[in-house]
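In the order they appear, the protein sequences are chains A and B.
When we follow the numbering used here, the leftmost residue of the first sequence carries the number 1, and every step to the right adds one.
When we follow the numbering used here, the leftmost residue of the second sequence carries the number 656, and every step to the right adds one.
Read the hints as simulated data drawn from the structure, not as lab findings.
There may be inaccurate statements among the hints.
Said to hold, decoys possible - Selected chain B positions facing chain A (Cβ under 10 Å, derived; list incomplete):
| no. | residue |
| --- | --- |
| 1 | Leu-751 |
| 2 | Thr-752 |
| 3 | Thr-753 |
To be verified - Quick list of simulated restraints, FRET-style, between CB atoms:
| no. | chain 1 | residue 1 | chain 2 | residue 2 | range |
| --- | --- | --- | --- | --- | --- |
| 4 | B | Gln-744 | A | Ile-622 | 37 to 45 Å |
| 5 | A | Arg-625 | B | Asn-711 | 47 to 55 Å |
| 6 | B | Leu-736 | A | Thr-643 | 16 to 24 Å |
| 7 | A | Phe-640 | B | Val-737 | 19 to 27 Å |
| 8 | B | Val-737 | A | Gly-615 | 46 to 54 Å |
Bear in mind the structure is a predicted one, so any value in this text is a computation, not a measurement.
The C-beta atom is built at its ideal place from N, Cα and C for all residues, glycine as well.
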Amino acid sequence: MEHAAAAAAAAQHAVESGSKVQDLAWAILVLPLVMAFGTAVFTPRDRMLSAAMNIGGVVVAFLLSFTLFCVFGGQSVDATPFHWLPVAGLDARIGLHLDALSTLMLLVVTGVASLVMIYSTGYMHDDRSYSRFFSTLSLFVFSMLGIVLADNLLMLFVFWELVGVSSYLLIGFWYEKPSAGDASKKAFLTNRIGDFGFMLGILVVWSLAGTLDIAALKEKLVANPALLGPWAGLAGLLIFMGAMGKSAQFPLHVWLPDAMEGPTPVSALIHAATMVAAGVYMLCRVFFLYTAAPGWPAVLGVLDVVSAASIITCIGGFTALFAAVIAVQQDDIKRILAYSTLSQLGLMVMAVGLGAKTGDASASMYHLVTHAGFKAMLFLGAGSVIHACHHEQDIWKMGGLRTRMPRTFWTFLIGTAALAGLPPLSGFYSKDEILAVALEANPIFFGVGVLVTVLTTFYMSRLLLVAFLGKPRGEGADHAHESPSSMTVPLLVLAIPSVMVAWLPIGGFLAHHFQPGHAAHGGDILFGPFNHNPIAAFFGLGAAIFGFSLAYSLYGNGPAADPLSPRLGLLAQAMRHRFYIDDIYDGLVVPLHNLLSQVADTIDRWLIAGLAVRGLAGVVEIAGRALRLVQTGSIQTYAFLLTASVLLIVLLALK
Amino acid sequence: MIPGLHHYLIVSALLFSLGLLGVVARRNLFVVYMGLELMLNAANLALVAFSRFHNNLNGQVMVFFIITVAAAEVAVGLALLVALYRKRQTADVEDLTTLKL
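Based on the provided sequences and hints, a complete structural model is requested.
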């Protein structure tokens, strides 16, 4: 809190001195924190004021972000840094960096956060802890903006952890529910595993490069690609571990589906649009680490044939496919979307790995931005459905919602189409970039991408057909009616970017960041993919159409139960049980961990606390007790002992 | 027989031992006090004897000091003893063990 307050003071100072436009970034960063703090301290009982303050803070942050975006575009500038801990050899500072990546992310984070907060006024209307919700949400936005703006790895790590904490607080928002408490702990602990690797990675980079500043690090690595020598691969992989935790990549993916225990707006903001994207964003920020000369320490010689980037590609591709397959047999509307998020994050991570060959990770960032828009919309749509159906989340108890909730249905349809990758919606263009990169770099991953697209379209069509079409299968769905406009308006607003992206040169804008020589695509973005990389575009479109027709043939006639499950038999069982990964963790990792903890506990209890601490204390005490017997209190004993001792000394001296 | 230095020292040692015995073994504080005086005077005797046989006056000067300090000590010590007796109605060392934890 102290350093945040100090940062606030520094920001205040910077803004007052009014020296540079980019110092507005301080205001963007600090506003949500001030609002979160103010709500928690001053207005915990005033629901209206709390909501207004926090929404106001984030909306103003959005407007400021937009201003900065317009002023600087893709330019790379630094705001006046605040020197937090200048010690010899390390200048730990809070520095804000603006470039194409961070300004775009600022827009995404503050934009989605504003809409989610407005939506929450409707969704959380009956909740007792209304103010706490908004306060924590603002705290999250502050932490996330810190990651986006960080110009050095240390600050990035600090805010990385803050995001973990606020995510923990929000997943466990309904802490009375044991499942929510468990899910929040699971998310936090799983993230900590990744963060541990991340911290080690930062230490490796610091010890070899001597700087944590991202720009300086990049300069050094460009000047000397072999700077990290044999540690390059390990540093890259360790830092990637952080991304594995936050972006929920296999095998640390288990927390994300459980995180759906949180309120739906939280799922939309944190577990679809922003926090989970932080991993991918961070990989893009330190992308130069993966394009530098690869190398491994001698112990890991077996890894010589691969680079860190190719391992990242494999993990990403596997996660994408794995999660998409699981999503096919999920029945909970939020879980389907959660696995879909996992799968799309896998695609982004895969694109980062593949991009390392060409030195261009723009496809990944592009998909991140578009995905943030339509996935937040899908989650908010799901929230609207859940709200209307009296907290029913099973899609097999819904149905017929198209006529009952037209606004939700249409926005959900747009989101689904965007996610499936139908032109002219946003998902088509960003996914096409990924497919194009994959086709160029490695046909196997192109295949993975196409397969994921088929599966994505399939499970999203299944969700749409079962939940919105046909006849109501449950009480809740029968009595459902459209949500209030505080919820539907944000949905409609979120649909705009999904539709508009075809006319915005975001892909070229990002590519220009990674490769300054790259010219932004001209005016032919709408049909661009068909001209630039027709194979990828047609395969992507074909996959989507194939997936939809497959889903339509199975679910088009409004079945009462999933007709696919009996056909897949055991496989369906495995898919429903998420391929038993959680059970494997429960059966293997948890006992192993418990065993380790018990060993540690025994060592602590008996060796450290017992022998070292209590043992020493015991020896001293026993000695003290023995010596106390001498203290009789009688002067005569003392006199006798004194004389005897003197005599003894004299005798010894005379000898 | 002319008494030599060792005669004086033997007497002094005997006196000292008697005094010590009084200090260590007797239970009445006044007697303990007398024992102390005895020990001081044993030391005085030894010093005076050394002074006489070595033709050095330093020892006698020392003895004057000891007599003076002993007088002061008796004055203070007896006053303390009387005060203690008035308070506790006893002069037995066995009863005075409040220093013990």
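If you test the structure against every hint from before, which numbers come out violated? Checked against the structure, no hint fails, so every one of them is satisfied.
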